[in-house]
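2 protein chains.
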Amino acid sequence: MRLARPLEKLISELEKLPGIGPKSAQRLALHILRQAPSEVRELARALVEAREKIRPCSRCGNLTDEDPCWICTDIHRDGSIICVVEEASDVIALERAGYKGKYYVLNQAPRFLESGSLENLNIDRLLRNVVTSQVKEIVLATNPTIDGELTARYIAELAKPVGLRVTRLAHGLPVGGDIEYTDELTLRKALEGRQEI
Amino acid sequence: MRLARPLEKLISELEKLPGIGPKSAQRLALHILRQAPSEVRELARALVEAREKIRPCSRCGNLTDEDPCWICTDIHRDGSIICVVEEASDVIALERAGYKGKYYVLNQAPRFLESGSLENLNIDRLLRNVVTSQVKEIVLATNPTIDGELTARYIAELAKPVGLRVTRLAHGLPVGGDIEYTDELTLRKALEGRQEI
Chain A
1 MRLARPLEKL ISELEKLPGI GPKSAQRLAL HILRQAPSEV RELARALVEA REKIRPCSRC
61 GNLTDEDPCW ICTDIHRDGS IICVVEEASD VIALERAGYK GKYYVLNQAP RFLESGSLEN
121 LNIDRLLRNV VTSQVKEIVL ATNPTIDGEL TARYIAELAK PVGLRVTRLA HGLPVGGDIE
181 YTDELTLRKA LEGRQEI
Chain B
198 MRLARPLEKL ISELEKLPGI GPKSAQRLAL HILRQAPSEV RELARALVEA REKIRPCSRC
258 GNLTDEDPCW ICTDIHRDGS IICVVEEASD VIALERAGYK GKYYVLNQAP RFLESGSLEN
318 LNIDRLLRNV VTSQVKEIVL ATNPTIDGEL TARYIAELAK PVGLRVTRLA HGLPVGGDIE
378 YTDELTLRKA LEGRQEI
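In order, the protein sequences belong to chains A and B.
Going by our numbering, the first sequence opens with residue 1, and the numbers climb by one from there.
Going by our numbering, the second sequence opens with residue 198, and the numbers climb by one from there.
Just so you know, the hints here were simulated from the structure itself, not pulled from any lab data.
It cannot be assumed that every hint is accurate.
Pairs of lysine to aspartate or glutamate, EDC-like flavour, derived with a Cα cap of 16 Å [unchecked claim]:
#1 B/K220 to B/E205
#2 B/K206 to A/E49
#3 A/K9 to B/E249
Note that the structure is a prediction, hence the values are computed from the model and not measured.
Just chain A, same shape as in the assembly (with noise of 0.2 Å):
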């Protein structure tokens, strides 16, 4: 089948972006071919601009367009704390659930399992980091996976010996969850971490 060549090219395009599948390729494509052209250029424009002047913090790793970030800047934030997270998203849940405290971003998803070393992820630079401030306690919020758990782990034993308040998230039933559909293994963790009320 034909189309117009700059048609097909914008929908191969669109196409390379994740969750977007041919058929929604072809009708964000056949969309955009609708909005007024100031429109379509405000867009292009922000793809552009976003990916040039985004940069990861050089303290802390979240993505920002000046650096070091605000929150590394923040004086009203709490440098007492520094909460350890795989991606920039995992800040943004975080910023959203009201925490306060520093973070620091590996920016990259630990695959322990596939390279059987988690060289790569700047822990290093954590490290001489919280050496080098006042942090006291730092948070493992990477993701409750087995790459997610093994990477926490290794944080936490190269941290302990440095004298630092070593904690994780905790595990349990999401809130408005359902005990009944709850899977063992997090209901085993909700168990084991009950808490007074």
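Following the hints, complete the assembly by docking chain B onto the known chain A.
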């Protein structure tokens, strides 16, 4: 919650696209930040180019970067049959299905129920095209909705006095469908349209 401004801008632009909610927009934006700058520029360029170069064909209304479009100028296609569709995406679907005639794209969903009129549909131009060419049959391929049916009947009434054969796409069971789960209207149409084997 605060995000780097170019990232916030990109998320809000992506959210304007159909079928992209806040979560998907965030996921897409973070994906884009991980791409090579050249790839992001390629996507941005494809957006702007498609919007700038693609126009409805002045003859048939199909989306094209050359006017008249390649379907209108292709002498190997059957010029005696013209298929009326609502949108350019319907052309893509019919091309995939192997249709070899010409098209007429209304380029808008008919909204008789909403506006009480079908006057905005450029049907005059369709009839002018038809009269000055060798068209013998009009295939009405508007959607099987109430608006689509009304539009089909409206066009049929205008085209029949000109001496044209006017047909409508068959209703019936979708291939691979299940009789048990077919709605009763479709099943009734399939019965009415049953064919000798």
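Do the hints match the structure? See the list:
1. For a cut-off of 16 Å, the pair hint linking B/K220 to B/E205 stands: about 13 Å separates their Cα positions.
2. For the hint pairing B/K206 with A/E49, the CA-to-CA distance comes to about 9 Å; that is within 16 Å, so the pair holds.
3. For a cut-off of 16 Å, the pair hint linking A/K9 to B/E249 stands: about 13 Å separates their Cα positions.
The structure fails none of the hints (numbered hints given earlier).
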